[in-house]
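Sequences are here, hints too, so could you generate the full structure?
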Amino acid sequence: MRKSDQDRIEVLKTCKIFIGGKFPRTESGRYYVIKDRNGQPLANMCRSSRKDYRDAVVAARNAFEGWSSVSAMNRGQILYRIAEMMEERKEQFTGEIVAQGENETRRKRDKGKTRQGESRWLSGGIGRKRENQVTKDAVREVEQAIDRVVYYAGWCDKFQQIFSTVNPVASPHFNFSRPEPMGVVAVIASEEPAMLGLVSMIAPVIAGGNTCVVLASETKPLTAVSFSEVIHTSDVPGGVINILTGLKSELYGHFSSHMDVNAVIFCGNDNKIISEIRQNGSVNVKRAIIHKNIRWEDNSNQNPYLIKDTMEIKTTWHPVGV
Amino acid sequence: MIVKTKELKFSKGWVYAPAPESKEHIQLKSRYELFIGGKFVTPVNGKYFDTINPSNEEKIAGIAEASIEDVNRAVTSARTAYEKYWKMTPAKERGKYLFRIARMIQERAREFAVIESMDGGKPIRESRDVDIPLVAAHFFYYAGWADKLEYAFSNRKPRPLGVAGQIIPWNFPLLMAAWKIAPALACGNTVVLKPAETTPLTALKLAELIQESGLPDGVVNIITGAGTTGAALVNHPDVDKIAFTGSTDVGKIIQKATAGTNKKVTLELGGKAANIIFDDAPIDQAVEGIVNGIYFNQGHVCCAGSRLFVQENIYNTVLQKLKDRMETLIVGDPLDKNTDIGAINSKPQLEKINYFIEEGKKEGADMYQSSCPVPEKGYWCRPTLFTNVSQSHRIAKEEIFGPVLAIQTFRTVDEVIEKANNTPYGLSAGVWSDKGSKVFDVGKKLRAGVIWANTFNKFDPSSPFGGYKESGFGREGGVYGLEGYCK
Numbered sequence: 010m011r012k013s014d015q016d017r018i019e020v021l022k023t024c025k026i027f028i029g030g031k032f033p034r035t036e037s038g039r040y041y042v043i044k045d046r047n048g049q050p051l052a053n054m055c056r057s058s059r060k061d062y063r064d065a066v067v068a069a070r071n072a073f074e075g076w077s078s079v080s081a082m083n084r085g086q087i088l089y090r091i092a093e094m095m096e097e098r099k100e101q102f103t104g105e106i107v108a109q110g111e112n113e114t115r116r117k118r119d120k121g122k123t124r125q126g127e128s129r130w131l132s133g134g135i136g137r138k139r140e141n142q143v144t145k146d147a148v149r150e151v152e153q154a155i156d157r158v159v160y161y162a163g164w165c166d167k168f169q170q171i172f173s174t175v176n177p178v179a180s181p182h183f184n185f186s187r188p189e190p191m192g193v194v195a196v197i198a199s200e201e202p203a204m205l206g207l208v209s210m211i212a213p214v215i216a217g218g219n220t221c222v223v224l225a226s227e228t229k230p231l232t233a234v235s236f237s238e239v240i241h242t243s244d245v246p247g248g249v250i251n252i253l254t255g256l257k258s259e260l261y262g263h264f265s266s267h268m269d270v271n272a273v274i275f276c277g278n279d280n281k282i283i284s285e286i287r288q289n290g291s292v293n294v295k296r297a298i299i300h301k302n303i304r305w306e307d308n309s310n311q312n313p314y315l316i317k318d319t320m321e322i323k324t325t326w327h328p329v330g331v
Numbered sequence: 126m127i128v129k130t131k132e133l134k135f136s137k138g139w140v141y142a143p144a145p146e147s148k149e150h151i152q153l154k155s156r157y158e159l160f161i162g163g164k165f166v167t168p169v170n171g172k173y174f175d176t177i178n179p180s181n182e183e184k185i186a187g188i189a190e191a192s193i194e195d196v197n198r199a200v201t202s203a204r205t206a207y208e209k210y211w212k213m214t215p216a217k218e219r220g221k222y223l224f225r226i227a228r229m230i231q232e233r234a235r236e237f238a239v240i241e242s243m244d245g246g247k248p249i250r251e252s253r254d255v256d257i258p259l260v261a262a263h264f265f266y267y268a269g270w271a272d273k274l275e276y277a278f279s280n281r282k283p284r285p286l287g288v289a290g291q292i293i294p295w296n297f298p299l300l301m302a303a304w305k306i307a308p309a310l311a312c313g314n315t316v317v318l319k320p321a322e323t324t325p326l327t328a329l330k331l332a333e334l335i336q337e338s339g340l341p342d343g344v345v346n347i348i349t350g351a352g353t354t355g356a357a358l359v360n361h362p363d364v365d366k367i368a369f370t371g372s373t374d375v376g377k378i379i380q381k382a383t384a385g386t387n388k389k390v391t392l393e394l395g396g397k398a399a400n401i402i403f404d405d406a407p408i409d410q411a412v413e414g415i416v417n418g419i420y421f422n423q424g425h426v427c428c429a430g431s432r433l434f435v436q437e438n439i440y441n442t443v444l445q446k447l448k449d450r451m452e453t454l455i456v457g458d459p460l461d462k463n464t465d466i467g468a469i470n471s472k473p474q475l476e477k478i479n480y481f482i483e484e485g486k487k488e489g490a491d492m493y494q495s496s497c498p499v500p501e502k503g504y505w506c507r508p509t510l511f512t513n514v515s516q517s518h519r520i521a522k523e524e525i526f527g528p529v530l531a532i533q534t535f536r537t538v539d540e541v542i543e544k545a546n547n548t549p550y551g552l553s554a555g556v557w558s559d560k561g562s563k564v565f566d567v568g569k570k571l572r573a574g575v576i577w578a579n580t581f582n583k584f585d586p587s588s589p590f591g592g593y594k595e596s597g598f599g600r601e602g603g604v605y606g607l608e609g610y611c612k
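Protein sequence lines correspond, in order, to chains A and B. Going by my numbering, the first sequence opens with residue 10, and the numbers climb by one from there. Going by my numbering, the second sequence opens with residue 126, and the numbers climb by one from there.
Hint data in this document are derived by calculation from the structure and do not stem from the laboratory. Fair warning: this is a prediction, and the values are worked out from it, not measured in the lab. Hints are not guaranteed to be accurate.
Derived lysine-lysine pairs resembling DSS-like cross-links, with alpha carbons at most 30 Å apart [unchecked claim]:
1) B/K209 - A/K323
2) B/K209 - B/K389
3) A/K317 - B/K209
4) B/K282 - A/K317
5) B/K569 - A/K323
6) B/K487 - A/K317
7) B/K560 - A/K323
8) A/K25 - A/K257
9) A/K145 - B/K209
10) A/K145 - A/K257
11) B/K487 - B/K477
12) A/K99 - B/K221
13) A/K317 - B/K583
14) B/K217 - A/K99
Next comes the structure, spelled out in structure tokens:
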């Protein structure tokens, strides 16, 4: 390595939140520190406030009319564009996942398993084999996340054909029911896998024509910040997807009680939070969708019913007769 | 003070300056081979035929003529690709290939549009704004279905058929190729496609694109030739499916030829669509719909609204407005962006159209043609209509496949439904009325696979298309388009 290369000081990225197609810092000026897998500080994240959330809901509401009237096929193309941009940043995402440390669930699962020739695997230290495995898992997570966006891109102009019906009513009427988006959806993303979970929760919501405000994984938010940059460069209109970082304990109450939010989706296992979200939702009959003990790695957890979760069904009667 | 100004008259003296689409960006070879097993190979018997530009009668390229041996090679290649890779390729990855193809078509859309207009004679405005965008959309739509088939057939496990033999016509060359290839691949089949002999170029350009897309060799094979090539494909014992778009006569032959086999067959055949204008219709919109219905793509449209039924009390108004509108149509160079009606696809087709025009006059109908000039070289037909037509006239019964409209009148709803349904065809129909309940009522009673209400000739990948009765069976497009390629 040449000396000049050695001396070069790396330019670090400031992690910001994503509201209305722009990258502001939190209005509160607060931050929290995320740690890497060795427990060392990795980055300062915006500790978003209630006000940031409310601003994001305004942005999402303003974007709703436009996004929900984009043709279904066009929405599919835009989702596909997201996948294209993600593919290009595959290495970046992988690096971030590795830096943030392996997933807790995976570590627990692998603990105690004896694998031939993998003695260091069990030691818990980061041996080369372990290292390779962590990278492999990260690549897998990124690839699965990209393919998941492609999967929902395909659904954009098809789920209507699965969930619509023509109803053979007895009177001379042409009667049909079809899904329409609910509106603004608040999403509290899964803690882990941070990237795959985030993408798996956002994609079906916007595929149906909703707009959303998302709270990223609290401990592993790096990929969410980069994902917002992908969104920014993928023909997704500003405000359709808004991504905040911050403390879950501080924000879930606001996410579930806002009067101009039509549905809230929560991924997590804490029964206290779940019941509070459901209770809060009742203030405006918010639809509360809870993903408990869900494994986003399973392809059975990608399906059109997740799109339908944030759709209303509209039935139209039209007379038939001369 | 009153200033006297000259009156502005827009009705006369306006001539459109030529606005030709550039050809300099397109890439064409002087000779095209057969696309078999991922490679371009010379035909066994070494025979080639010319594809010509119908707007100037000049040769564009030499095209390989596939013999029976070539058809055998193509089917073997498709079978090998099916057994060796395609059957095992995960559905998700199948879809990703199709997405790729869709995107690459979008990237090269203009080149495809120009070649389509050169080879087939259709106006660039249509190939650029209708054909090619629909081609990309069709691939994009079916790409998404590849890993979702179990949602399309409730309580069934859809499986591919195997090798699909597909024969397409010359009126929408690349669009028909997309209608055939996209759902076939999405459902997991491999393909041998035969484009029409007068319009093979865009299909062969698609072959080049498919080669570049990285699709495994032999999954798509494209062989060129005329009727005998098509017959060899239909009769090949190792083909599991025949999809045909073309004339009802040939469709009947194919149905008969495949009768004793296990081949699955879908046929999209001729039409003689009724376009019905009620007195409560938005007249100006309806006139646009009539023009679009019959003069779109020189009338080379199986679902063309070639039988116009106008309610008697508005007949004079509609006829006058229609004639006025026809006068504004520009017939000429397909590559000119102002052209409304391009060249007739081939000399035999022009002769067929002229024959029917003579036949119409002989049988006593009154002919009217717009007065527009047409170029000297090439195959042209002015927009034509016939009045004083009766149900028994040949021009009202038989498919002309050209810009020739037969107009009849009616008084009551029952009468027009009777007349409209009195045909062996049943591909499409149009209804024009501002009264929604009437539109649904009439639409329900018309025996046709597609009903256009206050619009005409609309196509979308998510919308099924196909006929009743002798217009064929099976649907292309939408969820129902998957059925033809699954068991």
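For each hint given before, does the structure comply? Return the numbers of the non-compliant ones in rising order. Hints 1, 3 and 6 are the ones this structure does not satisfy, whereas the remaining hints hold.
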